[in-house]
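Number of protein chains: 2
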Amino acid sequence: MPEQQTYNVAIVGATGAVGQKIKKILEDKEFPINELKLLSSARSAGKEETFRGETIIVEEAAAESFEGVDIALFSAGGSISKKLAPEAVKRGAVVVDNTSAFRMDKDVPLVVPEVNPEDIAEHQGIIANPNCSTIQMVAALKPIKDAYGINKIIVSTYQAVSGAGNAAVEELYEQSRDYLEGKEINAEILPVKGDKKHFPIAFNALPQIDVFEDNGFTFEEMKMINETKKIMHDEALNVAATCVRLPFATSHAESVYIELDREGLAVKDIWKTLEAADGVILQDNPQAQEYPTPQSAQDKEEVFVGRVRKDLDNPKGFHLWVVSDNLLKGAAWNTVQIAQVLTERGWLKK
Amino acid sequence: MPEQQTYNVAIVGATGAVGQKIKKILEDKEFPINELKLLSSARSAGKEETFRGETIIVEEAAAESFEGVDIALFSAGGSISKKLAPEAVKRGAVVVDNTSAFRMDKDVPLVVPEVNPEDIAEHQGIIANPNCSTIQMVAALKPIKDAYGINKIIVSTYQAVSGAGNAAVEELYEQSRDYLEGKEINAEILPVKGDKKHFPIAFNALPQIDVFEDNGFTFEEMKMINETKKIMHDEALNVAATCVRLPFATSHAESVYIELDREGLAVKDIWKTLEAADGVILQDNPQAQEYPTPQSAQDKEEVFVGRVRKDLDNPKGFHLWVVSDNLLKGAAWNTVQIAQVLTERGWLKK
Numbered sequence: 001m002p003e004q005q006t007y008n009v010a011i012v013g014a015t016g017a018v019g020q021k022i023k024k025i026l027e028d029k030e031f032p033i034n035e036l037k038l039l040s041s042a043r044s045a046g047k048e049e050t051f052r053g054e055t056i057i058v059e060e061a062a063a064e065s066f067e068g069v070d071i072a073l074f075s076a077g078g079s080i081s082k083k084l085a086p087e088a089v090k091r092g093a094v095v096v097d098n099t100s101a102f103r104m105d106k107d108v109p110l111v112v113p114e115v116n117p118e119d120i121a122e123h124q125g126i127i128a129n130p131n132c133s134t135i136q137m138v139a140a141l142k143p144i145k146d147a148y149g150i151n152k153i154i155v156s157t158y159q160a161v162s163g164a165g166n167a168a169v170e171e172l173y174e175q176s177r178d179y180l181e182g183k184e185i186n187a188e189i190l191p192v193k194g195d196k197k198h199f200p201i202a203f204n205a206l207p208q209i210d211v212f213e214d215n216g217f218t219f220e221e222m223k224m225i226n227e228t229k230k231i232m233h234d235e236a237l238n239v240a241a242t243c244v245r246l247p248f249a250t251s252h253a254e255s256v257y258i259e260l261d262r263e264g265l266a267v268k269d270i271w272k273t274l275e276a277a278d279g280v281i282l283q284d285n286p287q288a289q290e291y292p293t294p295q296s297a298q299d300k301e302e303v304f305v306g307r308v309r310k311d312l313d314n315p316k317g318f319h320l321w322v323v324s325d326n327l328l329k330g331a332a333w334n335t336v337q338i339a340q341v342l343t344e345r346g347w348l349k350k
Numbered sequence: 001m002p003e004q005q006t007y008n009v010a011i012v013g014a015t016g017a018v019g020q021k022i023k024k025i026l027e028d029k030e031f032p033i034n035e036l037k038l039l040s041s042a043r044s045a046g047k048e049e050t051f052r053g054e055t056i057i058v059e060e061a062a063a064e065s066f067e068g069v070d071i072a073l074f075s076a077g078g079s080i081s082k083k084l085a086p087e088a089v090k091r092g093a094v095v096v097d098n099t100s101a102f103r104m105d106k107d108v109p110l111v112v113p114e115v116n117p118e119d120i121a122e123h124q125g126i127i128a129n130p131n132c133s134t135i136q137m138v139a140a141l142k143p144i145k146d147a148y149g150i151n152k153i154i155v156s157t158y159q160a161v162s163g164a165g166n167a168a169v170e171e172l173y174e175q176s177r178d179y180l181e182g183k184e185i186n187a188e189i190l191p192v193k194g195d196k197k198h199f200p201i202a203f204n205a206l207p208q209i210d211v212f213e214d215n216g217f218t219f220e221e222m223k224m225i226n227e228t229k230k231i232m233h234d235e236a237l238n239v240a241a242t243c244v245r246l247p248f249a250t251s252h253a254e255s256v257y258i259e260l261d262r263e264g265l266a267v268k269d270i271w272k273t274l275e276a277a278d279g280v281i282l283q284d285n286p287q288a289q290e291y292p293t294p295q296s297a298q299d300k301e302e303v304f305v306g307r308v309r310k311d312l313d314n315p316k317g318f319h320l321w322v323v324s325d326n327l328l329k330g331a332a333w334n335t336v337q338i339a340q341v342l343t344e345r346g347w348l349k350k
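As you go down the protein sequences, you meet chains A and B in turn.
Going by UniProt numbering, the first sequence opens with residue 1, and the numbers climb by one from there.
Going by UniProt numbering, the second sequence opens with residue 1, and the numbers climb by one from there.
Any given hint could turn out to be false.
Since the list gives no way to pick one copy over another, a pair counts as held whenever it fits inside one copy or between any two copies.
DSS-like, lysine-lysine: derived pairs with alpha carbons at most 30 angstroms apart [what the hints assert, rightly or not]:
#	residue 1	residue 2
1	K316	K90
2	K310	K196
3	K310	K106
4	K196	K272
5	K183	K349
6	K316	K145
7	K82	K193
8	K310	K300
9	K268	K196
10	K300	K229
11	K229	K310
12	K29	K152
13	K196	K300
14	K349	K272
15	K197	K272
16	K197	K310
Hints in this document: simulated from the structure, not taken from any laboratory.
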């Protein structure tokens, strides 16, 4: 048996919520790594991390960090990606970027490996990982679209606080403790750290994720709308989204309405399609109270679907409840999956 | 000035979450009461309650309790209503029932006073208070329907735990404390006390409110669908609902998609209609991050609407975010409003 090819991999944002999950998955999945570089901001540089039993010291990310790197997995915010991803590419690395920096660029494939893996072959050095709430939705809907056609999607999300980072999770727990002890609640991070006002998330719901656009939709909602069309290769697809932040740390849930191109289908047809779908697990038995919840999906790779119902009025309409761990399939796992496709199909070289 | 007419009023379920709110509102609004009877199960009978500075001893509800009562406000569960509401009517009382026992009965008006007050005149002794999640939605949508026509509603709810009663709120807080202290979580009430399985609600979301029907929708979802058509007097109206329980105590929020009968309308047309609507407060300024949340709507009578957006694809489509205190407008306040209409319009007698 020939020796397996190995790669030099860098994680940018290695100490963040997603970066930590990426490191763990690379280890768990035995990704063929020669050398792993852990890169971060100056603030976290110098930290010691463990990988495969060895200590790695976190370094401050800079252009030169990417010398000799084959694959760079970015998850340190859009501005870092905009600055350093081109530097990584210039030095011969292929970048899988987990921020929104390049997602809508014409030359950048936006990929969910179960949905459009072949788009990876077209990369010019950067491949974008979609928004967490988009990934789980398209993973659940693409097999249905392939089988029966979908022309309209209306989604309302139930999104976890970890999507806003580790500090937001700490804020949720601190606020929750203060609330339960009858203390005053301090809000400094959510809904959006850089926005003007902050509201409590503990025992509350915030109908704002990311900043508002001029059309009244938030940037998160527009990400779901635009990214879904790009990943599905269907600009004519109607997509509407309402994105809401809720007081739990992990897993996004989504209430999704779809209109198929065809009439005459039943819940069991949707079930059959989802049961055969890669990376999707059907959990749908109302009489036994079987359905996914944020807690049941936590720490799992797959996208879980339940509550499939036929609309009572529109013969082409169906409703679904889609849940997945936003840090895994929604971020770290999808990123590593893209890296796996790159290496396994020999698509690393442009 | 002639002496104001006063009435003998009974609250059935007086020690429950809604019963307590009803008592407070009757006091705050100076409802013209001669004598107030507080009725409950045997378990709570004998408790002392205060009303207008006087002590009232809670009595066990029985058929004879309603002798001499003019208005009986029921909020003690469907089985109590089914048993005792007819007894109250037999003794001359008019019943306002806050359970689902009679809502879909042909002879029972189902009323939101801002929407269909005139239906109260048709009562045969019982008037039903709609489900909490229905009330706030129809209060927000009826003025829009009157102005522009609505033919389709798709709603996803974000519902508070207090809709399942005081014990469910205690469970939420106890689970939250245990979770934050790293202890094992005990689930005995939610999603539905009488159902087979129970799941944690703390730091979670449960896509089940009330039991499942054969069509895969929950009873809560079917309540929203059927009650909305009845209150709107529009059996042809398309309504679909997905109802989700979330970890906060008070106020339901709803992500609502509507399709109007007409094209060519703008967000400002919807704003204008909502600004002029009774019992509705528009809170919609995205650039200033103004929108209602469960916490901002708590302890308020009105229905709050924000996040009004025009659908990006369907020229007749709009999205809204509707929030209201589920124990007030969703229950106690709507109940007292019905009683007010009964007395003020002289509709007590059949």
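Here is how each hint holds up against the structure:
1. K316 - K90: neither (49 angstroms within a copy, 48 angstroms between copies)
2. K310 - K196: Between copies, since 25 angstroms is at most 30 angstroms while 42 angstroms is not.
3. K310 - K106: So K310 and K106 pass the 30 angstroms test across copies only (27 angstroms; inside, 36 angstroms).
4. K196 - K272: between (47 angstroms within a copy, 27 angstroms between copies)
5. K183 - K349: neither (57 angstroms within a copy, 50 angstroms between copies)
6. K316 - K145: This pair counts as both: shortest intra-copy Cα distance 12 angstroms, inter-copy 24 angstroms.
7. K82 - K193: This pair counts as within: shortest intra-copy Cα distance 20 angstroms, inter-copy 52 angstroms.
8. K310 - K300: Classified as within; 28 angstroms inside a copy, 36 angstroms across copies.
9. K268 - K196: The answer is between: 24 angstroms across copies meets 30 angstroms, while 48 angstroms in one copy does not.
10. K300 - K229: Intra 26 angstroms, inter 41 angstroms, cutoff 30 angstroms: intra-copy only.
11. K229 - K310: both (24 angstroms within a copy, 19 angstroms between copies)
12. K29 - K152: neither (36 angstroms within a copy, 47 angstroms between copies)
13. K196 - K300: between (35 angstroms within a copy, 25 angstroms between copies)
14. K349 - K272: neither (38 angstroms within a copy, 57 angstroms between copies)
15. K197 - K272: between (46 angstroms within a copy, 26 angstroms between copies)
16. K197 - K310: The answer is between: 25 angstroms across copies meets 30 angstroms, while 40 angstroms in one copy does not.
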